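Asker: Each protein sequence line maps, in turn, to chains A and B. My numbering puts the first residue of the first sequence at 3, with every later residue one more than the last. My numbering puts the first residue of the second sequence at -3, with every later residue one more than the last.
No lab work stands behind these hints: they were computed from the structure. Keep in mind the model is a prediction, meaning the values are calculated, not measured. Wrong hints could be hidden among the right ones.
As the list claims (entries may be wrong) - Coverage of chain B stretches by chain A, computed from C-beta distances (three or more under 8 Å per stretch; other residues unrestricted):
#	region
1	153 to 166
2	542 to 548
As the list claims (entries may be wrong) - Taking beta-carbon pairs under 10 Å as the criterion, some of the chain B residues facing chain A (in silico):
#	residue
3	Leu48
4	Pro49
5	Gly52
6	Val89
7	Thr112
8	Phe114
9	Val115
10	Glu118
11	Ile148
12	Leu178
13	Thr536
14	Ser538
15	Thr539
16	Val551
17	Ile553
18	Tyr554
As the list claims (entries may be wrong) - Every beta carbon over 12 Å from chain A, so not counted as near; a handful from chain B, in silico:
#	residue
19	Leu9
20	Leu31
21	Leu39
22	Ser61
23	Met173
24	Leu246
25	Met311
26	Gln326
27	Ala362
28	Leu460
29	Gln507
C-beta: ideal position from N, C-alpha, C; glycine also.
So the chains spell out like this:
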Amino acid sequence: MSVAAHLPALQVALPLIAAPLCSLLRRPGVAWGFATLVSWVVLVIAALLLAQVLSEGTLIYEMGGWAAPWGIIYEVDTINAFMLLIVAAIGAIVTPYARHTVTAEVPAEQHNLFYAAWLLCLTGLLGIAITGDAFNVFVFLEISSLSSYVLIAASNDRRALTAAYQYLVLGTIGATFYLIGVGLIYMMTGTLNISDMAERLPDVANTRPIRAAAGFITVGIALKFALFPLHLWLPNAYTYAPSAVSAFLAATATKVSIYVLLRFEFVVFGVDIGIANFHFSEFLMPLCVLAFLAGSTVAIFQNDVKRLLAYSSVAQIGYMVLGVSFYSLDGMTAGIVHLFNHAMIKSALFMVMGCIMLRVGSVQIKDLHGIGRHMPWTMFAFVLGGLSLIGVPLTVGFISKWYLILGALEEGGYGFAIAAAVLISSLLSVIYIWRVVEVAYFKPSPHGAAEITEAPLGMLIPTWLLIGANIYFGVQTDLTVGVARQAAALLLGIDL
Amino acid sequence: MIDALPPGLILILGALLIPATSGLVRQGLVLALPLLTLWAIWLVPDGVQATLPFFGYMLEPVEGSIVGRLFATVFTVMTLIGGLYAMNQARAVELAGAFGYAGSAVGVTFAGDLITMFVFWEIMAIGSTVVIWAAGTASAYAASMRYALVHIFGGVVLMVGVVGHIAETGSIDFVAMQADSLARWLILIGFLVNAGAPPFSAWLPDAYPEASPSGTVFLSAYTTKTAVFTLLVGFPGEQILVWVGLYMALYGIIYALLENDMRRILAYSIVNQVGFMVCGIGIGTEMALNGAASHAFAHIIYKALLLMSAGSVLMMTGKRKCTELGGLFQSMPVTAFCGIIGALAISSFPFTSGFVSKSMINQSAADLHLTFVWMMLTAASAGVFLHAGIKFPWFVFFQKDSGMRPPDPPLNMKLAMYVFAGLCILLGVWTDPLYAILPYPVDYVPYTGDHLVSQFQLLLFAGLAFFVMLPMMKRTETISLDLDWFYRRFFKAIGTEFTVRAGDHRQELEQAALARLGRFVEGLYRHHGPQGILARTWPTGSTVLWVAILLGVYVVIYYI
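Hey, can you work out the whole structure from these sequences and the hints?
Answerer: Spelled out as C-alpha cells, the structure:
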C-alpha cells in the first residue's frame, strides 16, 4: 500500500511519535524547529485527507487491519476532515509563532517538555476528530486534556497553576461523564464503534440507559466545550496560560469537543430518534442565548484583554451551538462554519495579545495606553481581528453571523427574537473591542513607553497570516461554507 | 479601473490619512480628496459598473444612477466646502471622522444592492459618532453615545429587515419596494430612524448642537439626506411617508419656535426640512420626487451655510443661546450677511435656491388635489420663515445689543460661507444646472407671476406675524421637552437601576471571591492538606453543582 492509503493513521501517529522524540531534544531552538516541522507535515496530511474525502467520499482505515466493530477504525468523512484541517492549520500557524513567546514565558530547561506536550495535545485533538471509535475518543480526549493541563501550567504566572488545576478537575468530570455515557451505550448495544452504535441504537432507543447516556454525554461534553454556565474553567485557563497556548487551545480544544457532541447527537443518537432534536432545540438553545448575552456582557467589564477574549469565546461558543440547535441546513452550516471562522478569529486575537505580552509584559487594558503607536502592525491586526469578531462584512465573522441570522429567521416567530439577541450581542462585542482600540490609539502613551518596539517578524507573520485568512475567507467562502454545508447535510441526513 | 471602485472609498481611505498629516499637506488633502471624489463620481456611467461575488450573491458596489449622482455630487461639494470651513479649526479626529462619514454617504448613493448599502450605512454611523465625539466636551461625549445608541438601534432594525427581505425574495437588489411585509417595514423604519422621523426625531436636535462649530456643519448634511436618498430609491410613493413628512415638518417648527439655543433651532429646522422631502417622496409623482431630490440638494447647502454662520458666532463668542446674543451684525458683517442669505434660502425667498426646489413639492401636492397636504405644507413654509428665516438672524445679529464686538471668523471660514452663499443665490437665479441633473425631466417653471406673488404674500404675513408677536417670541432660559424625555428618562432610570445594582452586586461578588481566595491561601498554610481544601473551593464546586443541575434538569424534563 502506498503512503496515501495510510494518511489517516499518519495524521495521528506522526505527532504521537514525534512527541517523545521532541522531549529528547534538549536545545530549545531545536525542539521548537522539530515541532514546527511536524505541525507542517500534519497540516499537509490534513489537507490531503480533506481533498481525498471531498473527491472520493468517506475513508475508512482499519487500525492494524482489524475490521470494525472489533478493531479500532478511523473514519474520515466531510465533517471530521474539516475538523482535522482546522486543528492542523491552527497548529501549523501557532507552532512557528510560539518560539518568542515561549522563550519569554516558559523556563528554558522545560522547552523540550513543553513542545512534547504541545505535540501530544495536537495528537489528542486530531485523534478525537479522526477516530471512529467511542472509547478511542475518550482516550484521545484524555491525551489532549492532560497535555493541555501541562501546557497551561507551564506559564511563569503562578496563577496558571490553579487555573490548570481547576481545568483538570472539571475536565476530568466532563470526561468521566462522557465515559459513563459511552459505558451505558455499550451496555445496551454491545459495541464501541460509532457507526455500529448508530445502527444498533434504534432497537433500544427508548430505554432509560440510552436516555441517561445521552444526558451524560451531552452534559459532559458541554463541560468540555465550556457551554454557559459550565464555562468556569475557561477564563482562567486562557488568561494565565502562555500566550501561544491560549492561541492554540482557544482555536481548537472547544471546537473539537463541539465536534464530538455533533457526532454523538446526530450520528449515534440519530436524527430519527428525536433525542438530538430535544437536546439541541429545547435543552441547549436557551443556554446558548444566555451564553452569548452573558459572555459578551461579562467581557465588557474585563480589564485583562486575554480574559476579555476568553469571555468572548464563551459567547462565541454560544453562537456555534445555537446554529446547530436550529436543526436546519442553514443553522447547522452556520454552526459548523463558525467552528472554522472563530478558530481563525480568536487565534489571531490571542496571538496579538502574545505579541503585546512579549513587548509590554502585560495585557491589562491600563497598560496598553498608546500602544497603537509603538506596535502599529500588531495593533492593526487586533483591529482587523476585532472587526471580524464583531462580524463586519468582508470578514469571516460576518459570514458566520449571516448564516446564523438566516437560520434564526427561518425559524419564524421566536427566531426573530433570537436574531435580535445575536445582533445585540454583536453590539456588545463592538463595545469590548472598542475599549481596547480606544486605549491603544486614542490615549497618550505613558512615560517611558518609548522603548516598546514592534513585535518580532516571527510572530507578526503568523499573526498576519491568520488575519489575512480572516479577510480571504470572508470574501471567498467556497471552501468554508461549501464544506460546512456538506457536513451539515451529512449530519442531518439530507442529500444535497 | 477607477470607475470600478466606489467613489466614496477615496474619501474613506483618505480619511485614514488625515490624522497622519499636518499643516499644508493636510490642508491640501482636505481640499484634494473631495475634488478627486467629485471627479470619480462623474466618471461613473449609469448602470452596474462593478460586481463582487459574495457567498452566493453578486454585490454591486458601484451602480451609477441619476439620483445617486445628484446626491453624491452635493455630498462631495459639502465635504469640500465643509473641509475648507473646518480645516484650520477642527481636530484631526473630527476631520477624519467627517471625511469617512461623507465617503460612506457617497458610498450609499452608489450602492446597487442592499448589502453594500448597509455596509456604508453603518460606516456612516461610526463616522458621524466620531464627529460629535470630537468636540471633546463631556456633554458631546454623552450626546455621541446617545446618538450612537439610536443609530445602532436603527442599524439593527435595518439589518433584520434586509436579511428578511433577502430571505423572502432571494434578491439583494436595492430597488423600489412596497412596505407590504414585516421585513420591508423594518427596512422602511430603519431608513426613517436616520431621517429623524417620529418617534425618533429627538436624536437629531439632541446630538447635532453638541458637536463642534464645524462638526455640526458636517452632521447636518449626510445622515438625514442619505436617508432621504434611500427612501427616494426604496419607497417612492409610499403613502405613509406623506403623513410622516407632514408631522416632521410641523414638529420641527413648533420646537424650533420654542427653542433658545441657536444651533438647536437650526437642528429642529433640519427635521422640518427633511419632513418636506419625506412628504414629497410619499406623494411620489415625478415632480414631487424631483422636488424632494432638488430640495435635498438645496437644503444641504443653505443649512450648512446657516450652521457655518451660527458656528462662527459660537466660535467667536462662546455663546449659543439667543438670549445671550444680539447686535452682532456690527462687528461680524460677513457672518451676518451670509447667515441672512441662508435664512432667506431656507424660507424659500424668491431668487434663492429654496424657492426653486421646495415649491415643486407643494406644487405636486396641489396638482394631485391633496388639499389638506397642500395646506399643511404651505403653513409649514410660513413657519419655516418664522423660526429659521427671521428668528435666527434677528435674535443673533440684531435685536438688543449684547455689547459683544467679536470680529468675523478667520479667512477660510469666511471663504466657505461666501461660496455657499453664492451657491444659494446662483441656484435660485440660474435653475438649469440643477434641473438638468434631477431624476426626471423638469417642466416646472418656478418664476411665474402668481407664484412670486403668493410667496411674497406668505413671507410678508409670516414676517408681520413675527414682529407683532415679538414679545412672545423672546425666548427665556427654557428647556423644551420632547418625546425623547420619555425614553431617555425611562431608559436612564432602568440603566441606573441596573448599573448601580449590578455594580454593587459585582463588588460583592468580587469581595466575596477575594475573601474566599484569602481564606483559601490561609487554609493552605493552616491545614497541610491542600487537596481537600482545593476540592472544596467554591468556583470549581459551583461548576460541578451546575453540571449536576443540568443533568438533573435534563433527566426531569426528558422523563416528563
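Asker: Each hint should be assessed against the structure and marked as holding or not.
Answerer: Status of the hints after comparison with the structure:
For the region 153 to 166 of chain B, the stated coverage by chain A holds: 5 residues have a C-beta nearer than 8 Å to a C-beta of that chain, and at least 3 were required. Beta-carbon proximity to chain A at under 8 Å applies to 4 residues in the region 542 to 548 of chain B; the threshold of 3 is reached and the given coverage holds. Checking Leu48 of chain B against chain A: minimum C-beta separation of about 8 Å stays under 10 Å; hint holds. Taking 10 Å as the C-beta cut-off, the interface hint given for Pro49 of chain B holds, the closest approach to chain A being about 8 Å.
Interface restraint check: Gly52 of chain B against chain A, minimum CB-CB distance 8 Å, threshold 10 Å, status holds. For Val89 of chain B, the interface hint holds, the least distance from its beta-carbon to any beta-carbon of chain A being 8 Å, beneath 10 Å. The restraint placing Thr112 of chain B at the interface with chain A holds, with a minimum CB-CB distance near 9 Å, inside the 10 Å limit. For the restraint placing Phe114 of chain B at the interface with chain A, the shortest Cβ-Cβ distance is roughly 8 Å, inside the 10 Å limit, so the hint holds.
At a threshold of 10 Å, the smallest CB-CB gap from Val115 of chain B to chain A is about 5 Å, leaving the interface hint in force. With a cut of 10 Å, the hint placing Glu118 of chain B at the interface with chain A holds, because the nearest CB-to-CB distance is about 8 Å. Residue-level restraint check for Ile148 of chain B holds (minimum Cβ-Cβ distance to chain A is 6 Å; threshold 10 Å). Interface restraint check for Leu178 of chain B: the shortest CB-CB distance to chain A comes to about 8 Å, inside 10 Å, so the restraint holds.
Interface restraint check: Thr536 of chain B against chain A, minimum CB-CB distance 5 Å, threshold 10 Å, status holds. With a least beta-carbon distance of about 7 Å to chain A, the hint placing Ser538 of chain B at the interface is held under the 10 Å criterion. Given hint, Thr539 of chain B at the interface with chain A, holds; its Cβ is 4 Å from that chain's nearest Cβ, closer than 10 Å. Satisfaction of the interface hint for Val551 of chain B is found here, the shortest Cβ-Cβ separation to chain A being roughly 6 Å, below the 10 Å cut-off.
A least Cβ separation of about 7 Å between Ile553 of chain B and chain A falls short of the 10 Å threshold, and the interface hint therefore holds. For Tyr554 of chain B, the interface hint holds, the least distance from its beta-carbon to any beta-carbon of chain A being 6 Å, beneath 10 Å. Once the 12 Å rule is applied to beta carbons, Leu9 of chain B is consistent with being away from chain A; the minimum gap is 14 Å. Non-interface call for Leu31 of chain B relative to chain A: holds, since the shortest CB-CB distance, roughly 28 Å, exceeds 12 Å.
With a minimum CB-CB distance of about 24 Å to chain A, Leu39 of chain B clears the 12 Å threshold, and the non-interface call stands. The Cβ of Ser61 of chain B lies farther than 12 Å from every Cβ of chain A, with a closest approach of about 22 Å, so its non-interface assignment holds. Consistency note on Met173 of chain B: stated as away from chain A, and its beta-carbon is indeed over 12 Å from all of that chain's, at 18 Å minimum. At roughly 33 Å from the closest C-beta of chain A, the C-beta of Leu246 of chain B stays outside 12 Å, upholding its exclusion from the interface.
Non-interface status of Met311 of chain B relative to chain A is upheld: no Cβ of that chain comes within 12 Å, the nearest being about 24 Å off. Every C-beta of chain A lies more than 12 Å from that of Gln326 of chain B, the closest at about 42 Å, which supports listing it as non-interface. Residue placement check: Ala362 of chain B keeps its beta carbon more than 12 Å from all beta carbons of chain A (closest about 42 Å). Here Leu460 of chain B stays apart from chain A, with its beta-carbon at least about 51 Å from theirs, past the 12 Å limit.
Every C-beta of chain A lies more than 12 Å from that of Gln507 of chain B, the closest at about 15 Å, which supports listing it as non-interface.
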